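There are 6 protein chains.
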Amino acid sequence: MYVTRRATFSASHRLYNAELSEEENFRLFDKCASPNGHGHNYVLEVTVAGEVGEETGYVLDLKELKKILAREILDKVDHKHLNHDVDFLRGVIPTAENIAMAFWNVLAPAIPRGRLHSIRLQETENNAVEYRGEQK
Amino acid sequence: MYVTRRATFSASHRLYNAELSEEENFRLFDKCASPNGHGHNYVLEVTVAGEVGEETGYVLDLKELKKILAREILDKVDHKHLNHDVDFLRGVIPTAENIAMAFWNVLAPAIPRGRLHSIRLQETENNAVEYRGEQK
Amino acid sequence: MYVTRRATFSASHRLYNAELSEEENFRLFDKCASPNGHGHNYVLEVTVAGEVGEETGYVLDLKELKKILAREILDKVDHKHLNHDVDFLRGVIPTAENIAMAFWNVLAPAIPRGRLHSIRLQETENNAVEYRGEQK
Amino acid sequence: MYVTRRATFSASHRLYNAELSEEENFRLFDKCASPNGHGHNYVLEVTVAGEVGEETGYVLDLKELKKILAREILDKVDHKHLNHDVDFLRGVIPTAENIAMAFWNVLAPAIPRGRLHSIRLQETENNAVEYRGEQK
Amino acid sequence: MYVTRRATFSASHRLYNAELSEEENFRLFDKCASPNGHGHNYVLEVTVAGEVGEETGYVLDLKELKKILAREILDKVDHKHLNHDVDFLRGVIPTAENIAMAFWNVLAPAIPRGRLHSIRLQETENNAVEYRGEQK
Amino acid sequence: MYVTRRATFSASHRLYNAELSEEENFRLFDKCASPNGHGHNYVLEVTVAGEVGEETGYVLDLKELKKILAREILDKVDHKHLNHDVDFLRGVIPTAENIAMAFWNVLAPAIPRGRLHSIRLQETENNAVEYRGEQK
Numbered sequence: 001m002y003v004t005r006r007a008t009f010s011a012s013h014r015l016y017n018a019e020l021s022e023e024e025n026f027r028l029f030d031k032c033a034s035p036n037g038h039g040h041n042y043v044l045e046v047t048v049a050g051e052v053g054e055e056t057g058y059v060l061d062l063k064e065l066k067k068i069l070a071r072e073i074l075d076k077v078d079h080k081h082l083n084h085d086v087d088f089l090r091g092v093i094p095t096a097e098n099i100a101m102a103f104w105n106v107l108a109p110a111i112p113r114g115r116l117h118s119i120r121l122q123e124t125e126n127n128a129v130e131y132r133g134e135q136k
Numbered sequence: 137m138y139v140t141r142r143a144t145f146s147a148s149h150r151l152y153n154a155e156l157s158e159e160e161n162f163r164l165f166d167k168c169a170s171p172n173g174h175g176h177n178y179v180l181e182v183t184v185a186g187e188v189g190e191e192t193g194y195v196l197d198l199k200e201l202k203k204i205l206a207r208e209i210l211d212k213v214d215h216k217h218l219n220h221d222v223d224f225l226r227g228v229i230p231t232a233e234n235i236a237m238a239f240w241n242v243l244a245p246a247i248p249r250g251r252l253h254s255i256r257l258q259e260t261e262n263n264a265v266e267y268r269g270e271q272k
Numbered sequence: 273m274y275v276t277r278r279a280t281f282s283a284s285h286r287l288y289n290a291e292l293s294e295e296e297n298f299r300l301f302d303k304c305a306s307p308n309g310h311g312h313n314y315v316l317e318v319t320v321a322g323e324v325g326e327e328t329g330y331v332l333d334l335k336e337l338k339k340i341l342a343r344e345i346l347d348k349v350d351h352k353h354l355n356h357d358v359d360f361l362r363g364v365i366p367t368a369e370n371i372a373m374a375f376w377n378v379l380a381p382a383i384p385r386g387r388l389h390s391i392r393l394q395e396t397e398n399n400a401v402e403y404r405g406e407q408k
Numbered sequence: 409m410y411v412t413r414r415a416t417f418s419a420s421h422r423l424y425n426a427e428l429s430e431e432e433n434f435r436l437f438d439k440c441a442s443p444n445g446h447g448h449n450y451v452l453e454v455t456v457a458g459e460v461g462e463e464t465g466y467v468l469d470l471k472e473l474k475k476i477l478a479r480e481i482l483d484k485v486d487h488k489h490l491n492h493d494v495d496f497l498r499g500v501i502p503t504a505e506n507i508a509m510a511f512w513n514v515l516a517p518a519i520p521r522g523r524l525h526s527i528r529l530q531e532t533e534n535n536a537v538e539y540r541g542e543q544k
Numbered sequence: 545m546y547v548t549r550r551a552t553f554s555a556s557h558r559l560y561n562a563e564l565s566e567e568e569n570f571r572l573f574d575k576c577a578s579p580n581g582h583g584h585n586y587v588l589e590v591t592v593a594g595e596v597g598e599e600t601g602y603v604l605d606l607k608e609l610k611k612i613l614a615r616e617i618l619d620k621v622d623h624k625h626l627n628h629d630v631d632f633l634r635g636v637i638p639t640a641e642n643i644a645m646a647f648w649n650v651l652a653p654a655i656p657r658g659r660l661h662s663i664r665l666q667e668t669e670n671n672a673v674e675y676r677g678e679q680k
Numbered sequence: 681m682y683v684t685r686r687a688t689f690s691a692s693h694r695l696y697n698a699e700l701s702e703e704e705n706f707r708l709f710d711k712c713a714s715p716n717g718h719g720h721n722y723v724l725e726v727t728v729a730g731e732v733g734e735e736t737g738y739v740l741d742l743k744e745l746k747k748i749l750a751r752e753i754l755d756k757v758d759h760k761h762l763n764h765d766v767d768f769l770r771g772v773i774p775t776a777e778n779i780a781m782a783f784w785n786v787l788a789p790a791i792p793r794g795r796l797h798s799i800r801l802q803e804t805e806n807n808a809v810e811y812r813g814e815q816k
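Just so you know, the sequences run in chain order A, B, C, D, E and F.
For the first sequence, the working numbering begins at 1 and goes up steadily by one.
For the second sequence, the working numbering begins at 137 and goes up steadily by one.
For the third sequence, the working numbering begins at 273 and goes up steadily by one.
For the fourth sequence, the working numbering begins at 409 and goes up steadily by one.
For the fifth sequence, the working numbering begins at 545 and goes up steadily by one.
For the sixth sequence, the working numbering begins at 681 and goes up steadily by one.
In short, the hints are calculated from the structure, not lab data.
What you are looking at is a predicted structure, and each value in this text was computed from that prediction instead of being measured.
Please note that the accuracy of each hint is not assured.
[Stated by the list, open to error] Each computed EDC-like pair below joins lysine to aspartate or glutamate, with the alpha-carbon atoms no more than 16 Å apart:
| id | chain 1 | residue 1 | chain 2 | residue 2 |
| --- | --- | --- | --- | --- |
| 1 | E | LYS607 | B | ASP214 |
| 2 | F | LYS746 | A | ASP61 |
| 3 | B | LYS167 | C | ASP350 |
| 4 | B | LYS202 | B | ASP223 |
| 5 | C | LYS303 | E | ASP605 |
Produce the entire structure from the sequences given, and follow the hints as far as they go.
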């Protein structure tokens, strides 16, 4: 059984690889490398897989998952600049892929029942990524 | 190939385990244990997996799946109270997880071609579950 | 300038006019009169009209409107039964129209800047009402 | 007859009134004053009112309105920082209200047939403003 | 009080003015003049304005409006070609504007309580029109 | 890691098997066999699976996938009749299942990094298919 909690946050970012020249950054990231940054309303969907408890009928109380997401993720990224303001993203190019992997590393040990199954991060209505813990 | 039919229904429920005290119920289910119940517009997505037929280009005619969903599920739960009015939910704590498993048991034998692959049930715009028949 | 705050709540209700017979109620309200009630995820949109303040660039800080909605409306109706649990709906047939008018009467005096312009209440993805204070 | 074209853009901003102290800014704008800014996927809906032409059946070809929006607005704000990168927002606190009024001033003279009726700007899934040219 | 019923239908059309040359049609309508036609999932929103009845709490039972829409509109346009299959669109260039006006003429006399207030027709997720009966 | 690009297109089609009688076609496809065709706003979601590149933080730049989709698919199907106007659908009954398989065959060799994982095609808000390359 898979249970999913959806949340949104608003943040800004700039796609920029500090080891490359300005020119190479614009070739790679185009308008996403715009110097003053830009932003998104990110939609985050966190899915936990597990057995349904007999006493509760829950895999995991989604109100509890809501609190974990608020404490571990949303309080740290909402209304922030992802390149500058977030401890666990320091030194990371904040593509949706890299953000999803960073969220996985923060959330996986914080899930109290079942196991983290996937992190889906939608950046715009047309672009999304999903990470299931395959890659280290 | 996976084909999915989406449907909605409006129902009320109360999360309450009759074997526990009132106090334990409120600790477990919080406002979801509110005595007079509350309700949702549930969004149900039923996915069938199978081969595409050469004559029809269909796995399963979704108009046929629509009729099966109406007859087996929607006519029984739409505009109903899930704790009191639904035969196949009698004695079940109507969490989204338990409802999805009950729907699976009703629908799996009713699919005429292909096999039932998943039941997704969205309770609110932020909470959803998906069941793929793993747990008995 | 019009500013709109959207919020959702989950509640149950039964459409039933106590002055009519059971039979007339079913003729009028059909499955909406189902005795144990049913429920919805209501989507509420509250619009305030006013001038934009020069110091703030706001008509009204929507974070403030969010708090007003939580205190005056959502805390009283979310996860509740609208026929039984809500003071300001006592004796009212809880159609979307009547709920919207009741919300108007609660909210109009609570708006600190500008004036309440409209209350839109969506009951299902296909049914909605909007009230602009015309009818007493 | 009213015709509406919808478009989206991703931008960052910071709510900050340069004439007030840091402390007053945080009291007024709270987390929206976060120093490195944050961002949104804005949804813009531009509505033009007019008569339907007999030859075309159009008020205004929406493909033409699409091009006007791209040239006058989207190319200037998409993937940009609204406080720093946009000529027509210089010196403006970039609240949704002020952005909508600035867009009105840019677009109103650029509409070739009919007249600009409203600009709706949605900042998050819960917050939106609509401007109809009332305030100067 | 305004009550709105939403419905969808799938149809094809071709934008083509028979009094103009092939060349002028492509200049005016571009890819919308593609000879074999193309299609849309139209979203129709019909709004009726009126007083709330004391006995029912309804302006108009939306289940009744649903039946009127099915009988007067949807049965005639769903899964049809709007240039060839619909009596009340014969000789009309089927732009969203013209379809909305034709729907108005069919529906206005069929509304049993209150009065037709607006017809909104969404052709794609970015294009919509709204008609309020102003133009004859 | 899975990355998904969403796109929409508007097309018409008719479900019709030329090897069957008119009568059998209507029995199989019902109103979908309507002689002049009908249409949809299709929503296409293309998912590519792969490793995240260290230099870019991307599996595949979604702006590049956007261009591939435009060139290989959207330019050929948008505002077209799927039975008549599309080379790679010639002789195919254009059900959502068959369209998704045809898109797979076009796209799989065109993905420059990672591998095509799934094609999801939504025909209406209630009907969708997903293909993952299983069937030849």
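So which of those numbered hints doesn't the model satisfy? Failing hints, ascending: 2 and 4.
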